[in-house]
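Heads up: the protein sequence lines correspond to chains Z and S, in order. FYI, this note's numbering numbers position 87 of the first sequence as 87, with every residue one higher than the one before it. FYI, this note's numbering numbers position 84 of the second sequence as 84, with every residue one higher than the one before it.
What the hints contain is simulated information worked out from the structure, not anything from laboratory work. There may be inaccurate statements among the hints.
For chains that are exact copies, the list does not tell them apart, and a pair is met inside one copy or across any two.
Only pairs whose alpha carbons sit at most 25 Å apart, straight line, appear in this in silico SDA-like list of lysine to any residue [to be verified]:
(1) Lys-185 with Tyr-434
(2) Lys-150 with Arg-209
(3) Lys-141 with Gly-158
(4) Lys-426 with Thr-397
(5) Lys-94 with Ile-159
(6) Lys-439 with Met-182
(7) Lys-442 with Ile-463
(8) Lys-426 with Ile-239
Protein chains: 2
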Amino acid sequence: MSEERFMDKIIEVCLRRGFVSPTAEIYGGAGGFYDYGPLGTLMRQKIIDLWRQSFVLDEDDIYEITGSTLLPEAVFKASGHLDSFDDPLVQCEKCKSMFKADEVIKGVTGKSAEGLSLEELDKLIADNNINCPSCEGTLAKTRDFNLMFKTEIGSTGGINGYLRPETAQNIFINFKRLANFMRNKLPFGVAQMGSSFRNEISPRNFLIRGREFEQMEIEMFYDQDKENEHPRFHEVADIEINLVTREMQEKGWKEPLKLTTEAAVDEGVIPNQYLAYYLALETEMLKAIGIPEDDFWFRHMQDHEAPHYSAGNFDLEADLSLGHMEIVGNALRTDYDLQKHAKASKSTFELTMPDGKKVVPHVFEPSLGVGRIFYTVLEKCYREDERGWTWFQFPPTVAPLEVAVFPLMKKDGLAELAQEIHNELKDAGYLSFYDGSGKIGKRYARADEIGIPYCVTVDYDSIKEFSVTIRDRDTMKQIKLPIEDLEIAIGELMDGEADFEEFNQES
Amino acid sequence: MSEERFMDKIIEVCLRRGFVSPTAEIYGGAGGFYDYGPLGTLMRQKIIDLWRQSFVLDEDDIYEITGSTLLPEAVFKASGHLDSFDDPLVQCEKCKSMFKADEVIKGVTGKSAEGLSLEELDKLIADNNINCPSCEGTLAKTRDFNLMFKTEIGSTGGINGYLRPETAQNIFINFKRLANFMRNKLPFGVAQMGSSFRNEISPRNFLIRGREFEQMEIEMFYDQDKENEHPRFHEVADIEINLVTREMQEKGWKEPLKLTTEAAVDEGVIPNQYLAYYLALETEMLKAIGIPEDDFWFRHMQDHEAPHYSAGNFDLEADLSLGHMEIVGNALRTDYDLQKHAKASKSTFELTMPDGKKVVPHVFEPSLGVGRIFYTVLEKCYREDERGWTWFQFPPTVAPLEVAVFPLMKKDGLAELAQEIHNELKDAGYLSFYDGSGKIGKRYARADEIGIPYCVTVDYDSIKEFSVTIRDRDTMKQIKLPIEDLEIAIGELMDGEADFEEFNQES
Chain Z
1 MSEERFMDKI
11 IEVCLRRGFV
21 SPTAEIYGGA
31 GGFYDYGPLG
41 TLMRQKIIDL
51 WRQSFVLDED
61 DIYEITGSTL
71 LPEAVFKASG
81 HLDSFDDPLV
91 QCEKCKSMFK
101 ADEVIKGVTG
111 KSAEGLSLEE
121 LDKLIADNNI
131 NCPSCEGTLA
141 KTRDFNLMFK
151 TEIGSTGGIN
161 GYLRPETAQN
171 IFINFKRLAN
181 FMRNKLPFGV
191 AQMGSSFRNE
201 ISPRNFLIRG
211 REFEQMEIEM
221 FYDQDKENEH
231 PRFHEVADIE
241 INLVTREMQE
251 KGWKEPLKLT
261 TEAAVDEGVI
271 PNQYLAYYLA
281 LETEMLKAIG
291 IPEDDFWFRH
301 MQDHEAPHYS
311 AGNFDLEADL
321 SLGHMEIVGN
331 ALRTDYDLQK
341 HAKASKSTFE
351 LTMPDGKKVV
361 PHVFEPSLGV
371 GRIFYTVLEK
381 CYREDERGWT
391 WFQFPPTVAP
401 LEVAVFPLMK
411 KDGLAELAQE
421 IHNELKDAGY
431 LSFYDGSGKI
441 GKRYARADEI
451 GIPYCVTVDY
461 DSIKEFSVTI
471 RDRDTMKQIK
481 LPIEDLEIAI
491 GELMDGEADF
501 EEFNQES
Chain S
1 MSEERFMDKI
11 IEVCLRRGFV
21 SPTAEIYGGA
31 GGFYDYGPLG
41 TLMRQKIIDL
51 WRQSFVLDED
61 DIYEITGSTL
71 LPEAVFKASG
81 HLDSFDDPLV
91 QCEKCKSMFK
101 ADEVIKGVTG
111 KSAEGLSLEE
121 LDKLIADNNI
131 NCPSCEGTLA
141 KTRDFNLMFK
151 TEIGSTGGIN
161 GYLRPETAQN
171 IFINFKRLAN
181 FMRNKLPFGV
191 AQMGSSFRNE
201 ISPRNFLIRG
211 REFEQMEIEM
221 FYDQDKENEH
231 PRFHEVADIE
241 INLVTREMQE
251 KGWKEPLKLT
261 TEAAVDEGVI
271 PNQYLAYYLA
281 LETEMLKAIG
291 IPEDDFWFRH
301 MQDHEAPHYS
311 AGNFDLEADL
321 SLGHMEIVGN
331 ALRTDYDLQK
341 HAKASKSTFE
351 LTMPDGKKVV
361 PHVFEPSLGV
371 GRIFYTVLEK
381 CYREDERGWT
391 WFQFPPTVAP
401 LEVAVFPLMK
411 KDGLAELAQE
421 IHNELKDAGY
431 LSFYDGSGKI
441 GKRYARADEI
451 GIPYCVTVDY
461 DSIKEFSVTI
471 RDRDTMKQIK
481 LPIEDLEIAI
491 GELMDGEADF
501 EEFNQES
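Full structure from sequences and hints, please.
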């Protein structure tokens, strides 16, 4: 109960301060749809930019594409989504409510029933005498419900179209053109960031399980015979990652296993270098955006949790107030998708290697949920103290606003000078916010609540001796420095190249 | 005919070099859906970033939001889209083909029939003896076809959902929270960039009229009594824009009217400062991305072309090989949308001004089509010469790749040094491309074809005397300079702070 209350606190700040709110809220919403507000959009963009820089632009053999979100039926017929992208649904015969069968079972037995067949689910419901969670009525037999949103493309007699349930398919169906762009050499990767849609039976937990959500994905294509020859693996070999093996899950575990990526591959804990490389990149990214490294790990999924074609999935799970939640999926998709589309489109997706060998590449896919990462940052950075103040201790890497500039008073030219300083900070590329009204303490509180790392106050000394005061959000310490040094100081503070103590000694 | 061929040339390069290709091409596509490939995505992102910087981040009172694309029916019932977002459709009784009625009429009479009633369209078809353009069969009566894609949200007995046909509605339905975020002061603006969907009867002309497309929009909210008090209008007052007035359209026109924004407002050619401010920003942005200023203008739409609630729309039209095409829409939407949603949600969207006056803001909306701007850049930058070479003369602001680095040979350490230089350029933030194979002339041609402004060649002098050669795409001139000066030189060349002649004199 207290756990639920924690998420509610986050949601309350999100609504009130412009981070996130339910879509079409004035019409009662639609369940599982959220809009990022002004601050949410700034923070979301920073998360996307960080991913794009470190996962895509920093690499030589990875390029991003931007595919349509509405796709014709042929794509999902081939991919298998039309036949099998289902959730088992159970309906109460009395009150007609719908539930996900595995959730109803887990609610009573406490055990995961994910991936079981309809028959197995029905048996568990019968064996455990499970009734409707709402009204205690009898539950009908479970049946499959396809999670894709369907529509029609064209005016009359058009074709069926579906909103993509994952971004990945755009990449697979473009494989030939993409391989050609990469001169048919392996390995190469194709990235995509965009919306996916799943008509969840019970969307819940705010941004964690919505019906419209964003993914940042890469499909990394490689020769399976060279799965341990990732060209940049040496750069991440020493990075330590947290792991939860299948064995640990069977025995019960308290602390994840800490291994370098190199050791994890050598010891067979992680199946190959491609997977390990991305677990390192994800670890670095999450740490950089304020998620403590002890609060997340990679769990080797059980066979029944992963798709049948998977050669091993490692979910990045975060320790949230709601429990352990999947934030990032890491999937060894093998050559399953390419083979399916090659067959359905009657083409071949084989590439010829320099030595003449023909290869249908295997695929590793790191899939980062934008909303899930966003929410994790909010929860991990949320702070409250005995004054009753709450604030987000965002690192500057994700803080939606980086500096706030306040004139102590509006009169005597202070407002004009503060506005000028604000404009200069913006011109220098900082996300600066000008706040000209209210008691200074209240302005600090407002800035802290939305996680602005630094507040700059313009007072009478600013006019007399050209100095301003910078206040640090986390320590509430203040330093005074010449206006002309402000821009560089803010930059150094944000980059962690300087700290407050140093500036105080200098001045 | 020759005009169509020009677009086909562009499409051919787009397909072959990874700019854009039809969605689900291997399954025959779906009509009106396109994917941006690796180079297309880089260029698209630059266009979006430029818009975001100059339309959003540079302003103090404009923030961006990111709303859901799938919205519940209540939104479009209130907005009017459910009842009236229709295209008049006419079907051939013989071959059953569907056509947009106004297009069939324009095809025969040469005159625009946009915005006419079904009765008026039927009368024109009868009066002009118009038959099916495919088979000469008789055309049935015209009827309305709603252009929204419909789906169902929820498992059974769910609610209807529609893919948004414009991004704007997310902003209107969030108005209260957004106004609150802006402390209920006017003016303020809310921006959004994202996909919209229209089930066009006849999608055509590549990226110009697709079924899924992206918009970069702002809804600017202001007090109609202060429509000529835009706070930053003085900054754009002297910018000259090209205009086509309604009067000019009636009389026939050859050259657009050139006026400063200030003169255009003073003379009543443009209805207010909010509209004029954005026509200036759009002019500046289009010029910055390589569209010659004589090739576009703002046309005051005729009454029947604009929505009935509009207080004046000004389309930005570009002179393309296909004819004059709308690239950007500029709409004075009045308080129509806010009033509709206030009524339907039984709330009030009135703000109280400092003097106590109650105001439902008016709205000005500049709506930039990402795909349309993208295509216009391609067409305006396309070049071919007597050698048979074709290239894109992209300015560095939109060039998908900015520098290519070539080792003259792979041996003798040239490849390693070239790779090192390439990495350093990437670290410095340039979009650099390493190309290690093929004859040097062929590598230049490949780089030119995709519009890379500068090629850097690493040869034996690079090893002997630490120099490299930069080649300019447009003049094919070459300069030699020390490796250590390369990074700064590329920066200065890209920013236009230096030109080739200068470097030659220096060295």
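Within, between, both or neither, where Lys-426 and Thr-397 count as close if Cα-Cα is 25 Å or less
Cα proximity of Lys-426 and Thr-397: in one copy and across copies (16 Å, 20 Å).
Within, between, both or neither: how does the pair Lys-150, Arg-209 come out at a Cα-Cα threshold of 25 Å?
Close inside one copy (20 Å) and across copies (22 Å); limit 25 Å.
Within, between, both or neither: Lys-94, Ile-159 at alpha-carbon 25 Å:
Between copies only: 21 Å across chains, 37 Å inside a chain, cut-off 25 Å.
Alpha-carbon proximity between Lys-141 and Gly-158, which holds within one copy, between copies, both or neither at 25 Å
between (34 Å within a copy, 20 Å between copies)
If the cut is 25 Å between Cα atoms, do Lys-439 and Met-182 qualify within a copy, between copies, both or neither?
between (59 Å within a copy, 18 Å between copies)
Classify it for me, Lys-442 with Ile-463: is the Cα-Cα distance of at most 25 Å met within a copy, between copies, both or neither?
Classified as within; 23 Å inside a copy, 62 Å across copies.
Indicate which option fits the pair Lys-185, Tyr-434 if close means a Cα-Cα distance not exceeding 25 Å: within, between, both or neither.
Only across copies: Lys-185 and Tyr-434 sit 14 Å apart there, 51 Å inside one copy, limit 25 Å.
How would you classify Lys-426 and Ile-239 at a CA-CA limit of 25 Å: within, between, both, or neither?
between (36 Å within a copy, 23 Å between copies)
In the structure shown, no violation is registered for any of the earlier numbered hints.
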